[in-house]
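Visitor: Could you build the full structure based on these sequences and the hints that come with them?
Protein chains: 2
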Amino acid sequence: MPAIEFSVATTDARARTGRLKTPHGEVETPTFMPVGTQGTVKCLSPEQVRSTGAGIVLANAYHLMIRPGAQTIAQCGGLQEWSGWRGPMLTDSGGYQLFSLAELAEVSDEGVRFRSHVDGTNLFVSPEEAIKVQNLLGADIIMQLDDCVGFPVERYRAEESVRRTYAWARRCRDGHARDDQALFGIVQGSTYADLRRESALGLVDLDMPGYAVGGVSVGEGTALMREVVEATLELLPEGKPRYLMGVGLPSDVLDAVAAGADMFDCVVPTRNGRNGWAFTLEGLIKVKNSPYSRDRGPIEEGCDCYACRGFTRSYIRHLFKAGEILGLVLVSLHNLRFYGRLMEGAREAIRDGRLEAYRARVGAAFGG
Amino acid sequence: MPAIEFSVATTDARARTGRLKTPHGEVETPTFMPVGTQGTVKCLSPEQVRSTGAGIVLANAYHLMIRPGAQTIAQCGGLQEWSGWRGPMLTDSGGYQLFSLAELAEVSDEGVRFRSHVDGTNLFVSPEEAIKVQNLLGADIIMQLDDCVGFPVERYRAEESVRRTYAWARRCRDGHARDDQALFGIVQGSTYADLRRESALGLVDLDMPGYAVGGVSVGEGTALMREVVEATLELLPEGKPRYLMGVGLPSDVLDAVAAGADMFDCVVPTRNGRNGWAFTLEGLIKVKNSPYSRDRGPIEEGCDCYACRGFTRSYIRHLFKAGEILGLVLVSLHNLRFYGRLMEGAREAIRDGRLEAYRARVGAAFGG
Chain A
1 MPAIEFSVAT
11 TDARARTGRL
21 KTPHGEVETP
31 TFMPVGTQGT
41 VKCLSPEQVR
51 STGAGIVLAN
61 AYHLMIRPGA
71 QTIAQCGGLQ
81 EWSGWRGPML
91 TDSGGYQLFS
101 LAELAEVSDE
111 GVRFRSHVDG
121 TNLFVSPEEA
131 IKVQNLLGAD
141 IIMQLDDCVG
151 FPVERYRAEE
161 SVRRTYAWAR
171 RCRDGHARDD
181 QALFGIVQGS
191 TYADLRRESA
201 LGLVDLDMPG
211 YAVGGVSVGE
221 GTALMREVVE
231 ATLELLPEGK
241 PRYLMGVGLP
251 SDVLDAVAAG
261 ADMFDCVVPT
271 RNGRNGWAFT
281 LEGLIKVKNS
291 PYSRDRGPIE
301 EGCDCYACRG
311 FTRSYIRHLF
321 KAGEILGLVL
331 VSLHNLRFYG
341 RLMEGAREAI
351 RDGRLEAYRA
361 RVGAAFGG
Chain B
1 MPAIEFSVAT
11 TDARARTGRL
21 KTPHGEVETP
31 TFMPVGTQGT
41 VKCLSPEQVR
51 STGAGIVLAN
61 AYHLMIRPGA
71 QTIAQCGGLQ
81 EWSGWRGPML
91 TDSGGYQLFS
101 LAELAEVSDE
111 GVRFRSHVDG
121 TNLFVSPEEA
131 IKVQNLLGAD
141 IIMQLDDCVG
151 FPVERYRAEE
161 SVRRTYAWAR
171 RCRDGHARDD
181 QALFGIVQGS
191 TYADLRRESA
201 LGLVDLDMPG
211 YAVGGVSVGE
221 GTALMREVVE
231 ATLELLPEGK
241 PRYLMGVGLP
251 SDVLDAVAAG
261 ADMFDCVVPT
271 RNGRNGWAFT
281 LEGLIKVKNS
291 PYSRDRGPIE
301 EGCDCYACRG
311 FTRSYIRHLF
321 KAGEILGLVL
331 VSLHNLRFYG
341 RLMEGAREAI
351 RDGRLEAYRA
361 RVGAAFGG
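As they're listed, the protein sequences go chains A and B. Just so it is clear: in the first sequence, position 200 is 200 by our numbering, and no numbers are missing. Just so it is clear: in the second sequence, position 231 is 231 by our numbering, and no numbers are missing.
The list cannot tell twin chains apart, which means a pair is met if one copy fits it or any two copies do.
Keeping only pairs whose Cα atoms sit at most 30 Å apart, straight-line, the calculated DSS-like set for lysine-lysine is:
#1 Lys132 / Lys321
#2 Lys21 / Lys132
#3 Lys132 / Lys288
Don't read these hints as lab results, they were simulated from the structure.
Guide: Written as structure tokens, this is what we have:
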């Protein structure tokens, strides 16, 4: 029996709603995954994350491998048991973190040699090692190690990334030792349409249980990203989940939902929350701005989150001015609930065949 | 009708259980009040504070007067409405903060001239002003402005403090404009038994709705503190709540409960929590110590708090090592629940006439 089951429920043009069954529970798609880089969604308890409507949480194998170590987590019963998030989880293999965080990373066909961003230790991650780590962590969905490139990138390097990522997908598959975890492949190819095609077709041929679009939102801009995402999603099988990695702003998410993506992750709601920026259907507002000092309204009128039900803009502004942690908590919570509502709205709009109108409404607030 | 009603339910030697009715709800005594200095119990939501069994929360008029200002809070419906803690609250007048925090404070019979610890502004607080601020904030129990002294202090200064605190109590009473707030007097007198007596008898003569023991836990040590607290509590009326300010460690709290105190506040549980020190019936443990790296047990076996029900020492240690805010939240929450259980245990022990045995058990863990 496969680790996950995915079924499409309804469609609206290329968009679809679906259901993803995992060993730790079911998730309705399209879904937005809060990012719990170090095994915790920053500032929030699992109970608070759950209250935002999130169904599946992401954690970064790269960070957890370095601290506290995958063996430690395995000995504590695996990621779900250890982190207190008892629902579905996905771990990122670390390809993107190696590309963006590690010092002096050197990529070869063997894998990636790098220095820990925590203590400078020399480390090496091969595709096999990335899977071994994720097998120890025990998330429901695990990601292949991929060879990430930035933007712009020369064609020869994008070609290398596509071929290496394909070879690594095979090695990850061969090294994968647990049948209760689904291994997803990652399409690379930068902004070269033919390379994206080559990458997608190669991976699809491996018949993996799901596919991700990687290497986007790395500086190429909204228009080009949208083009690449649309073209890539079209190449991926209908019957399997499609995960757009690291995206993004509400309008970018809905663009990709319209193009048929099912899963998303991004630090945008939580990072903005910690900086005092709140998402609303009127756009982003900076809660610590002085116009709000005596504002008795909630962050966002009509929002049903704990922050909006119990606290005013005046109070939350005070928390930020006074350096109180509850401020970070409340705006992070609200922002994740905003994304939760965004996805609930998207699923409802798809079911009702009116996703275009919904996109237009959200896009207006975020200039999308 | 008085703002509060207090009744003693059961007694065990000089200890007693009671019930305190306030406009925002009832509290069982003895009770420990979590400290919400800036209108928030650090790191925790009101919902989380409530879950620890806390019935009444303290906020500091001094801090709130400076930021965001009492008018702002009044315009937002008062402290309870504004802070989201919809239960009973008490505000400290600021006497102790002026003594400990403000730069260049100058005390005279008129009041206290000082510079804001936030922006250096020159400010002046008289007894009338301290009450005006607290009338605007709207807590159920408010405190007179008192003239705090440290330890050791020369007799002439302690005498001055007692006489000034008495004069200020009268001025606070005369300035007090709301009958839905109970104004408590504060006994001073340092460690001089006759001055404590003079202070207590003077205030009792004013027939205030409750009395606090101030000016303890300022460096005089446990033995001397206990002596002063016992002697002072004995002078206070049976039928009114007795509040021991700024105390303390579990064994100090139980000593004072045995001597007849009903209310307590202290930053110890939350400040220790943020530093990774957890209270348990085995004593304080430092959760980020390495022996706990693979410890699958909760912070404290048998504790029913959210942190202990859902998370291991291994995970909480990781949160501290990784600098994640959830670590501060979980240990703060546990520590307040520890104090919540401590007080529940004390009330039960008083009802069963076995407070001495209970004190001995807790004292053993904390060297009391």
